[in-house]
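Asker: Sequence:
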Amino acid sequence: MKQFIFTMSAGLALLTTLGCTATPPAVSPDPAAQSNATPKVFSLAAQVSDKPEDPAEKGVQSRITKVTIYSDRALVVREAVVALPAEPSVFRFTKLPGWVDEGSVRASTSSGKIVDVSVERRFLAQSSDEGFRKAELKHKELLQKLQAIDDELVILNDQQTHVNSIKVFSAEKLSKDAVTHDIKVDTYGQVINFVSGTLRKTAAARRDATLQREVLLPEVEASARNLEELRRLTKLEETTVSVTVLANSASNATLSLTYATPGATWEPTHELRTAATDPDNVELTSFGVVTQTTGEDWNNAELTFSTQSASDSEKIPELEMLALGKTVETSRTVTRQVTSFSSAQKKYEEQNRSWNRINQVRSQAMSEMERFEQSYTSNLASFERTQSKTVEIFQSLSARGTTAHFAAKEPAIVRSDGRPIRLRIGGTKLKAEKKIVAVPEESLNAAVTLQMVNKSQQPLLPGSVARYRDGAFLGMTDVDFVAADEDFSVFFSVADQIKLTRELDRKQSSLVRDTRNRMVLSFVTTVKNLSDRETTLVLAERVPVSENTDIKVSNVKISPSEKPDVKGIYRFNLTLKPREERTIRVSYQVDYPSTLILDVRRKKMVPPSPSPSAPRPRPMDFEDKILQMEKNL
0 MKQFIFTMSA
10 GLALLTTLGC
20 TATPPAVSPD
30 PAAQSNATPK
40 VFSLAAQVSD
50 KPEDPAEKGV
60 QSRITKVTIY
70 SDRALVVREA
80 VVALPAEPSV
90 FRFTKLPGWV
100 DEGSVRASTS
110 SGKIVDVSVE
120 RRFLAQSSDE
130 GFRKAELKHK
140 ELLQKLQAID
150 DELVILNDQQ
160 THVNSIKVFS
170 AEKLSKDAVT
180 HDIKVDTYGQ
190 VINFVSGTLR
200 KTAAARRDAT
210 LQREVLLPEV
220 EASARNLEEL
230 RRLTKLEETT
240 VSVTVLANSA
250 SNATLSLTYA
260 TPGATWEPTH
270 ELRTAATDPD
280 NVELTSFGVV
290 TQTTGEDWNN
300 AELTFSTQSA
310 SDSEKIPELE
320 MLALGKTVET
330 SRTVTRQVTS
340 FSSAQKKYEE
350 QNRSWNRINQ
360 VRSQAMSEME
370 RFEQSYTSNL
380 ASFERTQSKT
390 VEIFQSLSAR
400 GTTAHFAAKE
410 PAIVRSDGRP
420 IRLRIGGTKL
430 KAEKKIVAVP
440 EESLNAAVTL
450 QMVNKSQQPL
460 LPGSVARYRD
470 GAFLGMTDVD
480 FVAADEDFSV
490 FFSVADQIKL
500 TRELDRKQSS
510 LVRDTRNRMV
520 LSFVTTVKNL
530 SDRETTLVLA
540 ERVPVSENTD
550 IKVSNVKISP
560 SEKPDVKGIY
570 RFNLTLKPRE
580 ERTIRVSYQV
590 DYPSTLILDV
600 RRKKMVPPSP
610 SPSAPRPRPM
620 DFEDKILQME
630 KNL
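Residue numbers are given in numbering that gives the first Met the number 0: position 306 of the sequence shown equals residue 305, and the series is strictly consecutive.
Wrong hints could be hidden among the right ones.
Said to hold, decoys possible - When the alpha-carbon atoms are kept at most 27 Å apart in a straight line, the in silico BS3-like pairs for lysine-lysine are as follows:
#1 K566 <-> K556
#2 K527 <-> K506
#3 K506 <-> K433
#4 K433 <-> K234
#5 K94 <-> K234
#6 K57 <-> K139
#7 K94 <-> K65
#8 K434 <-> K345
#9 K408 <-> K65
#10 K133 <-> K94
#11 K200 <-> K144
#12 K346 <-> K234
#13 K433 <-> K346
#14 K454 <-> K408
#15 K428 <-> K94
#16 K527 <-> K551
#17 K200 <-> K434
#18 K65 <-> K430
#19 K576 <-> K562
#20 K498 <-> K576
#21 K527 <-> K454
#22 K144 <-> K112
#23 K139 <-> K112
#24 K408 <-> K345
#25 K57 <-> K433
#26 K137 <-> K112
#27 K562 <-> K551
#28 K57 <-> K144
#29 K408 <-> K433
#30 K506 <-> K556
#31 K139 <-> K200
#32 K433 <-> K566
#33 K57 <-> K200
#34 K144 <-> K133
#35 K408 <-> K434
#36 K498 <-> K408
#37 K428 <-> K408
#38 K133 <-> K200
These are computed hints drawn from the structure, not numbers from a lab.
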């Protein structure tokens, strides 16, 4: 029995040494800290500043009134109403994005004279700012509190493990001593009470520590996010434009600031609507779909869309000597300097995500930031695809010497979150003539087209066209550039009443291989009117036109007889009675070198050069067509 009592006493001493009565450090559930579980994003730049903003540095109250959107940028006009004293005065446009194109900044005033315009940039925060240091210190203190609670939980877990070991040891010792010795009930009861009481205190302390950890953890997470936002500010720049104005006398004036910024693009789209009650007229509406991540929201500004390239300089057209034969080659190297916009574009690519993230969610909960990140990433990817496509389209227009400008018909709010906003830029009613066009070599579906003349006094830009009939959506098609007063056609629907077939007549076709191969092809096309009404259509077939002297096309036979145009295309104007069927046969002979096919196959084996964008499918060459026809024979 003495041995048992000694062992229990040793256990008591051990537990006392472990500090079983210890409690976790007090962490008062600060109501303000609890509210920070989902804190609001505040003005971070103001938070880290060492001192209040100097009134002399305070900017004028301005708003964006006009924006011209190009394929790869926006030209922004800000206006402010200011009081001009009878002496030189400096007015500051502050808190502009850090990627404003410095070389594009211009200022004007309705009264007085602009003496000077200067552009300054600064980082929104410095790691040495007092506010930044306070945020770091607060976060470290919170981490220390959290670490203290975690350490206490480890101690409590170890403490419970030791008590459980003593409990097991005591139970085993009791069974042995019950056989060889007398056991004092009072002494054993003390041990039992000690063990159970210690376990209760340990469990209660662990519950308390766990609760305090749950209260503290959201504050630690919020502090970490806040510190991360402050660190972002140390990499973000803002632009301040100072305008010095000299007035002859004190007066009020409108001060305008113009600057270009990356992060904007637009693309043209159209809607075409018809009605059964007015089949001879269509309503054509054009839209500009604008997307912008410039860092500034455009609230009901006057928007203008332009196809002009804002970076290319216009030059006087001139001709140089056209030399024939072998001459000494001369080359002219054009060195394009890195423009101020190139620098602005680089800053935009580095900073726009963080800038827009902070500005868009400044008044929202932190939980909204993750949602913004996801949507903004998707919007930005879509924006980049649209911009790449639009730049290419507008460059093709510029190559033909065509530019166009369109004004939005209604005001709109265009936020800097990358979401596309569709604005109406034009609309007109046009006379339309329906025609049925069939090209069986390309498609066995005859198409109903609308033949129109653009009488809108403004061009139609290349873009998608949504088709509607009596309000019902029919699908999408495309339109190329159409100048004012130019005629054009638009796919409208499928002519279901026309059935087309086109087959190679193998009995009349052959292929003879020799030094020069000889291929004879005969195609039979049938067209049938399935309706109960007479139907008129234009059916197109073609015969190859060789632009290679080694390839000769001969023995052309067309039935019924028709004359081709310069491209070798035959157009048959057919009027079919109800249920009537017609047959058209096109036959020709092609002679070409036997090595031609090998050359074509060799070219196909050469891998295409890498391109940053997906290459457009090129039209099939005549040689490719011959290879395809050989496979069919």
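Asker: For a quick check of understanding: which of the numbered hints are violated here, in increasing order?
Answerer: 3, 4, 6, 8, 13, 15, 16, 17, 18, 21, 22, 23, 24, 25, 26, 28, 29, 31, 33, 35, 36, 38
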